[in-house]
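Student: Quick mapping for you: the protein sequence lines, in order, are chains A and B. Taken in order, the first sequence gives residues 79 to 251; the numbers are from my numbering. Taken in order, the second sequence gives residues 209 to 596; the numbers are from my numbering.
The hints are simulated quantities; they were obtained by calculation from the structure and are not laboratory data. Every residue, glycine too, gets a C-beta built ideally from N, C-alpha and C. Treat the hints with care, as some may be off.
[Stated by the list, open to error] Rough simulated footprint, nothing fancy, chain A against chain B, three-plus residues with beta-carbon under 8 Å: (1) 274 to 280; (2) 318 to 330; (3) 354 to 364; (4) 370 to 382.
[To be verified] If you want a taste of the chain A side facing chain B, the calculated C-beta under 8 Å gives, among others: (5) L82; (6) H91; (7) A92; (8) H97; (9) E110; (10) H119; (11) R137; (12) L139; (13) D140; (14) V144; (15) L147; (16) R159; (17) W192; (18) P193; (19) W197; (20) L205.
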Amino acid sequence: MSALDLEALRATHADLDVHVSASPTSDPDSPEARMRVPGDHARTLLERLRGEADAPSVRLLDLTVVDRLDASPAGFEVIYRLGSRVGEFAYRVHGFIQDSADDNPSIGSVSALWPSALWLEREAFDLFGIGFRGHPELRPLLLGADLGADADLNGAPLRKSAGQDQLSSGAGP
Amino acid sequence: MSQTPRPDQNDSLSSRLGFPETTLEIGPTHPAIRRVMTPVGGTTSFIVALDDDRITNLEVDIGLGHRGFEKQAESGSWDDALPYVSRLGWVSGLHAEIAYCLAAESLAEIGLPDRAIWTRMLVGELARVSDHYSRLGAAMAAIGLRDAENVANAGEDLASEALVAATGGGHLAGFSCFGGIRRALPEHFLEGWSKQRSLIDDELTRFGSVATSNPTCTRRLSGVAPLVPEDALAWSVTGIALRASGISADVRKDRPYLAYGALEFDLPVGEQGDNLDRMLVVIEEIRQSLGMIDQCHKILSSLGSGEVCVSGEIIIPEGEAVATVESSTGELAFFVVSDGVGLPRRIRCRAPSFFHAQVLPTVMVGARLDDLLPTVALMHLVSAECDR
């Protein structure tokens, strides 16, 4: 694939309830395909996008979370940025985890698809309290035991509900 | 009479002596320390298990900074985050600044004045020259080649001098702002560039004679910590380390931002992906960057004085944007989400050093302890970038 064919992406992944749109980037010649998908289907979609297992054509560039607990529908977006080897095309997959009463959000781990997800998922677990099902070693990456257990931070400092005054009371940049 | 069996000579000395395997923790040091005790300072810690001086296991701990950079950035207005952004790297914060501004400008759909575009590229390449020299200096310090270290440090100082002359503040200049740059390059920089450039170039030639053509140096780096292309891609490695592994990928070529599409430059690539290849790629990239600065300088001289930043208030509307740049360390990106209410919903930095720290055990297990710090230097691992 040399260019982005949104129609083809829609048709190929129609069974996964994917919503595909084009997203502008700083380089107008190489747009990104933005794909919204229910969290439970995210891993299947990512596995398909990754390509052949022995010769993956797509790299995982980044993984992060956006807290949308105050929006409607409420939940977390887990965002995967993928790119081809030398950047001819790029995907941005938004896996949406619907808010539930037990506050135990989780999504399937992609660490078996890309080893670089090992740390990225640990970071998201650490800072947002998102679980990654199937991750071989889901333990905190950045926060030590004292910070991770801080009740004011609720164990997830990058959530919007976590206090900001506690974070700024420490050493400056 | 039976003879005591001789120990197997293939066993390590420590196992023949019955000594247990050793575990060492190297670092962390103070965030501002770079080369007093180790060639790499800052808030990264390496927990190393050793059998003799061979590394049998390695854990890299990046969770010691705690500046809370992303949280801080999300708790102020969009431009409040700029000073935090430029502190993401001690030598090339200018690249992070450019990436963050590009992301915000893409949301606000602002077009930049030509002078701002070419000036951002010029100072970005100058920061790269300085950063690359600093990496060479750190690597040479780590292998104990003091004369080569001094030459690299001299190159870094000359490039930093030029950067101070250009921006007024060196690496933490706060130079880019939404819609352009804060001030035009001063006359004395534009007039003095060709002289300064030849001094920077001279150090590169000198470095070649004391390092590249010095067998002591090449033997210490050759074959050390090789990264095969498949692993480099699987672990999302970018920058010098990726190109040294033989993959010709660079954001400036593949997805040109600013006006990189109009610049002429080559991408050096390695073959073995070892420390020697990384050093050779760094050296050639300094040369290429100097050529790019010359081209920007020529264009800027012809543009003359005029507008360097768009005027008027900049409102960041609702939306999402990604901006990626090739920083000195690798592919650095900002993903930003706005609700259009003044406070950012999400500011996420994709820091290349994060991935270089993660892949380190893959290349270092089996290598000698002595080779850890030169590898950290040449892989471009900057602790400050790993902060969240």
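Student: Any hints from earlier that this structure breaks? Give me their numbers in increasing order, please.
Tutor: Violated hints (numbers, rising): 2, 3, 4, 5, 6, 7, 8, 10, 15; every other hint is consistent with the structure.
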